[in-house]
Each structure stands twice: as structure tokens, then as C-alpha cells.
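K.L.:
Based on these hints, arrange chain B on the given structure of chain A.
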Amino acid sequence: QVTLKESGPVLVKPTETLTLTCTVSGFSLSNATMGVSWIRQAPGKALEWLAHIFSNDETSYSPSLKSRLTISRDTSKSQVGLVMTNVDPVDSATYSCALAAGTLIYFDYWGQGILVTVSS
Amino acid sequence: QSALTQPASVSGSPGQSVTIPCTGSSSDIGALNFVSWYQLNAGRVSKLILYDVRHRPSGISDRFSGSKSGITATLTISGLQADDEADYYCNSYTTSGTFIFGTGTTVTVL
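Protein sequences appear in the order of chains A and B.
Residue 84 in the numbering used here is what sits at position 84 of the first sequence, and the numbering runs on without skipping anything.
Basically the numbering used here = 1-based index in the second sequence + 120.
Next comes chain A alone, as it looks inside the complex (with noise of 0.2 Å):
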């Protein structure tokens, strides 16, 4: 069974940076035709395509907030990061991992998502 679980902290203050982490069972994040991706919603706003890693480490970011976010993937620990810096009250929102496990783009597995809150 394939499952993805989101750790980081629930709350950070505006101007510091986010660091998030993505922890995936089951599955081998070595596998040669994966890809993860970082997925945020808003409250009562739309889903957010972040950023995702590809098996091969390629990487591939929201233009908008390309300056701002790094994922990064250690397969040793079968763990996908995503570092936000400069963090505003409006990135308040539920950030989920999706994970395309054989097809690269079309994410078959999601986490449940954490809530983070930007707030001083």
C-alpha cells in the first residue's frame, strides 16, 4: 500500500522560510519512471501546482513562485522536501505531496495534506 505522508510546521511568521517534507511508503522513490509534486490549497480557493521532481532529478516550478521554492528528493530516506522562502499570510494554505508512480505527470497517490498558517 502506497502512502505519503506531509510533516513541517503548522505556523510561520511572515518573511521566514518553510521547509516541508513528503515521506513516501510502499513505493521506491529510485523508480525510474516516477515523479513527486507539491500541491497547495488555500481556504476555500483552487489547487496549486507548486513544483515536482522527476526520477531523473529534473525539476519543474510554478513560474510565479519559481524564485521563492526548491524540492529536492533523498531516496535514502524515501523523502521529498520543498523549501518556501519569504513566506507571506497569503501562503496560508494546506500543502499536499501527489505522487505519479509510473507515469511520471499524473498523480496517482496524494497525502493528506498540512495546514500551514503564515502569521506573526
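It is possible that some hints are incorrect.
[Stated by the list, open to error] Below 25 Å or equal to it, Euclidean Cα-Cα: the simulated PhoX-like pairs (lysine-lysine) are:
{"#": "1", "chain 1": "A", "residue 1": "66", "chain 2": "A", "residue 2": "13"}
{"#": "2", "chain 1": "B", "residue 1": "188", "chain 2": "A", "residue 2": "5"}
{"#": "3", "chain 1": "A", "residue 1": "5", "chain 2": "B", "residue 2": "167"}
{"#": "4", "chain 1": "A", "residue 1": "13", "chain 2": "A", "residue 2": "45"}
{"#": "5", "chain 1": "A", "residue 1": "77", "chain 2": "A", "residue 2": "45"}
{"#": "6", "chain 1": "A", "residue 1": "77", "chain 2": "A", "residue 2": "13"}
Hints are computed from structural coordinates only; laboratory data are not their basis.
P.N.:
For chain B alone, coordinates are given in the frame of chain A:
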């Protein structure tokens, strides 16, 4: 990149069909067939229901079907059931190597 455009809500009676259009641009839906649809239910975990415009993952009902014409992809739910009530999002891979979601549609079963 702006979000793909979907209607905010659609509704139908049990047994009816509903369609959800998803309009993009020549850089995403219009250029590639990498369109997918996700169902976000009350449990708030998303489920992949269509990929490559019209293909269903294993276990997804054939009541869900997809199509594409030009810059618009469409999800059709036939034989509407109560447990189809959910939010639905389209997604497209883009020519820039990024992803883009739609604005989301809430399906209500009357």
C-alpha cells in the same frame, strides 16, 4: 500562467449526465494530450479519475469519460450518483514543462 478555466459549479439529478469543460490555451490543452482530472471528495484527498484526456485508471467507473477539442477538455459524468458529489479539477502538463490546474468545479447531486 493562469489557471485553466472551469465553471464554479454544475448540478444534476441522479441518473442524469453532467459535463465539466476545462479551457486552457495553446501552451497546454491545445498543444498536448496530457490532460488529467481529479476528484476531491469530502475526505479532501484527491483521486485521479482520467489521464491522457480520456483514459481511466484501474478501478474508476466507466461513468466518467473525457474528451478534448482545441483548447478545451471536457469531463462527463454519466448516470450521476450521490457519491459523485465532490470537487473536480482538471490538470494539464504544459509546453514549458510545468503543470497547471483548473479553477475547480463543485458537482452537486440534486
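K.L.:
State for each hint whether it applies.
P.N.:
A quick look at each hint next to the structure:
In summary, the hint linking residue 66 (chain A) to residue 13 (chain A) is supported, as the alpha carbons are separated by about 20 Å, within the 25 Å threshold. The hinted pair formed by residue 188 (chain B) and residue 5 (chain A) fails the criterion: a straight-line CA distance of about 34 Å is larger than 25 Å. The hinted pair formed by residue 5 (chain A) and residue 167 (chain B) meets the criterion: a straight-line CA distance of about 16 Å does not exceed 25 Å. For the given pair, residue 13 (chain A) sits about 22 Å from residue 45 (chain A) by alpha-carbon distance, which is consistent with the 25 Å threshold.
With a C-alpha separation of about 32 Å, the suggested pair residue 77 (chain A) and residue 45 (chain A) falls outside the 25 Å cut-off, and the hint is violated. With a CA separation close to 28 Å, the supplied pair residue 77 (chain A) and residue 13 (chain A) exceeds the 25 Å bound.
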